[in-house]
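**Student:** So the chains spell out like this:
Number of protein chains: 2
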Amino acid sequence: MAEDPFLSRWEDNNGTECQNQYMPAGRPSATSARELELVALDLFASQGFAQTSVEQIAVGAGVSKRTFFRYFESKSAVLWHDFDNEVDSLRDAFSRIPAKTPLMTAIHEVVLSVNRYRAEDVPELRTRMGLIGSDRDLQASAALHYDAWERTVAEFAAARLDQPAESLQPMAIGRTTLAACRAAYDVWLARADANLTTYLDEALHALSSGFRTPSK
Amino acid sequence: MAEDPFLSRWEDNNGTECQNQYMPAGRPSATSARELELVALDLFASQGFAQTSVEQIAVGAGVSKRTFFRYFESKSAVLWHDFDNEVDSLRDAFSRIPAKTPLMTAIHEVVLSVNRYRAEDVPELRTRMGLIGSDRDLQASAALHYDAWERTVAEFAAARLDQPAESLQPMAIGRTTLAACRAAYDVWLARADANLTTYLDEALHALSSGFRTPSK
Numbered sequence: 084m085a086e087d088p089f090l091s092r093w094e095d096n097n098g099t100e101c102q103n104q105y106m107p108a109g110r111p112s113a114t115s116a117r118e119l120e121l122v123a124l125d126l127f128a129s130q131g132f133a134q135t136s137v138e139q140i141a142v143g144a145g146v147s148k149r150t151f152f153r154y155f156e157s158k159s160a161v162l163w164h165d166f167d168n169e170v171d172s173l174r175d176a177f178s179r180i181p182a183k184t185p186l187m188t189a190i191h192e193v194v195l196s197v198n199r200y201r202a203e204d205v206p207e208l209r210t211r212m213g214l215i216g217s218d219r220d221l222q223a224s225a226a227l228h229y230d231a232w233e234r235t236v237a238e239f240a241a242a243r244l245d246q247p248a249e250s251l252q253p254m255a256i257g258r259t260t261l262a263a264c265r266a267a268y269d270v271w272l273a274r275a276d277a278n279l280t281t282y283l284d285e286a287l288h289a290l291s292s293g294f295r296t297p298s299k
Numbered sequence: 084m085a086e087d088p089f090l091s092r093w094e095d096n097n098g099t100e101c102q103n104q105y106m107p108a109g110r111p112s113a114t115s116a117r118e119l120e121l122v123a124l125d126l127f128a129s130q131g132f133a134q135t136s137v138e139q140i141a142v143g144a145g146v147s148k149r150t151f152f153r154y155f156e157s158k159s160a161v162l163w164h165d166f167d168n169e170v171d172s173l174r175d176a177f178s179r180i181p182a183k184t185p186l187m188t189a190i191h192e193v194v195l196s197v198n199r200y201r202a203e204d205v206p207e208l209r210t211r212m213g214l215i216g217s218d219r220d221l222q223a224s225a226a227l228h229y230d231a232w233e234r235t236v237a238e239f240a241a242a243r244l245d246q247p248a249e250s251l252q253p254m255a256i257g258r259t260t261l262a263a264c265r266a267a268y269d270v271w272l273a274r275a276d277a278n279l280t281t282y283l284d285e286a287l288h289a290l291s292s293g294f295r296t297p298s299k
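Chains as they are written, first to last, in the working numbering: chain A, 84 to 299; chain B, 84 to 299.
Think of the hints as simulated: they come from the structure by calculation, not from any bench. All of these numbers come straight from a predicted model, not from anything done at the bench. Treat the hints with care, as some may be off.
Claimed, not checked - Label pairs and their calculated CB-CB ranges:
id: 1; chain 1: A; residue 1: R149; chain 2: B; residue 2: E138; range: 39 to 49 Å
id: 2; chain 1: A; residue 1: P206; chain 2: B; residue 2: R153; range: 41 to 51 Å
id: 3; chain 1: B; residue 1: R201; chain 2: A; residue 2: E118; range: 53 to 63 Å
id: 4; chain 1: A; residue 1: S129; chain 2: B; residue 2: E192; range: 46 to 56 Å
id: 5; chain 1: B; residue 1: G213; chain 2: A; residue 2: P206; range: 50 to 60 Å
id: 6; chain 1: B; residue 1: S147; chain 2: A; residue 2: E207; range: 42 to 52 Å
id: 7; chain 1: B; residue 1: A133; chain 2: A; residue 2: S129; range: 28 to 38 Å
id: 8; chain 1: B; residue 1: L208; chain 2: A; residue 2: G216; range: 20 to 30 Å
id: 9; chain 1: A; residue 1: G213; chain 2: B; residue 2: E156; range: 23 to 33 Å
id: 10; chain 1: B; residue 1: V142; chain 2: A; residue 2: R295; range: 33 to 43 Å
id: 11; chain 1: B; residue 1: T188; chain 2: A; residue 2: N278; range: 26 to 36 Å
Where a beta carbon is used, it is the ideal one built from N, C-alpha and C, also for glycine.
Modelling step: build the complete structure from the supplied sequences, incorporating the hints.
**Tutor:** Next comes the structure, spelled out in structure tokens:
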């Protein structure tokens, strides 16, 4: 879904103007993408990911299989949709961050800016994480999605450091930034007491200070 | 393999005295474990992981299936053997680090101390990484092995910080330490020009300085 031109649910929540701004003429509406996602999550949760066909999802949403594939390139893409959208948002936000913002501050600000998860999103996200953990193919595919996220951060760091993206510092920055975010995400999912931003902020602050700050 | 009492290949290389020190009476010898590993890697590389049976590995090494299972709990455990041994070594080294060594310095020293990979180990490790990347089940199992490594670091950090291991700072330290090491490992595997320790040292130094140091 690297080139998915449609809106994520969080952009949906921001209102119609924002939707119109990004929606190419003749493309299916964002509402339907979200409907397909909800139908798919319900089916996956009730009968299992492997046991659910794209056809069942399409029927459940009242659309054709062909329409399903206009939104998602595969069944598993439904579960990674939000995550892959975030990669696109990261790349976009990095392209707009002022050059004078220090590297780790820029990464901190950009990662926070693309995140919109709130405490009320926890039940759905728990379902999604549980589904990914329940299926070997989905677990195996996780690394690919994580790599794309890490690479986006590594490429920004590499440009700032004037190094190839595959050299040690940019790669370490990309990997450790995602690692810090995943720690924040896991603790947030377990506690469900605030917006994810609160936890991301603490984790990224700890990362950029070399974990020298007194912990809260 | 969390309780694997046998020696890794690196301990083998250190000589007989070291082996005797750790080898319980009546257990199979470490040499045989390494032989099984080499036979298995050859078979996996030539005919594929999924297409290789435990029986074929046992026959190739001239032992029974039962003997195979005295060393490895499963076929995939052969590929994760070194990594899982490192988790045990980490835990052991953390238990011996002086309390006055600062947290991130302690993690840096312990991670370097348990690593023994040299430039000449690269071909075998590339084979191993390639095999893990080639099989869905092996890819899916990676997260479990990584989690155990991260948890070992997180538990040490938690004890030092007087926090539960599942709180944010210890989890972020565990995850980002592995992330930094994996970046070092990948760059080292691509370059194969030094011992892994050189790259781990740079990555962990960058991590504990919040990536503020000038890059090399």
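**Student:** Each hint needs a verdict: does it hold in this structure or not?
**Tutor:** Against the structure, the hints come out as follows:
1. A/R149 with B/E138: 39 to 49 Å: 47 Å Cβ-Cβ, so the 39 to 49 Å window holds.
2. A/P206 with B/R153: 41 to 51 Å: holds, 46 Å
3. B/R201 with A/E118: 53 to 63 Å: Holds - the Cβ-Cβ distance for B/R201 and A/E118, about 56 Å, lies within 53 to 63 Å.
4. A/S129 with B/E192: 46 to 56 Å: holds, 50 Å
5. B/G213 with A/P206: 50 to 60 Å: violated, 40 Å
6. B/S147 with A/E207: 42 to 52 Å: 51 Å Cβ-Cβ, so the 42 to 52 Å window holds.
7. B/A133 with A/S129: 28 to 38 Å: holds, 31 Å
8. B/L208 with A/G216: 20 to 30 Å: Hint holds: Cβ distance 28 Å, inside 20 to 30 Å.
9. A/G213 with B/E156: 23 to 33 Å: Given a distance of about 26 Å, which is inside 23 to 33 Å, the answer is holds.
10. B/V142 with A/R295: 33 to 43 Å: Violated, since B/V142 and A/R295 (Cβ atoms, about 55 Å apart) do not stay within the stated range.
11. B/T188 with A/N278: 26 to 36 Å: holds, 34 Å
Hint compliance for this structure: hints 5, 10 are not met, and every other hint is.
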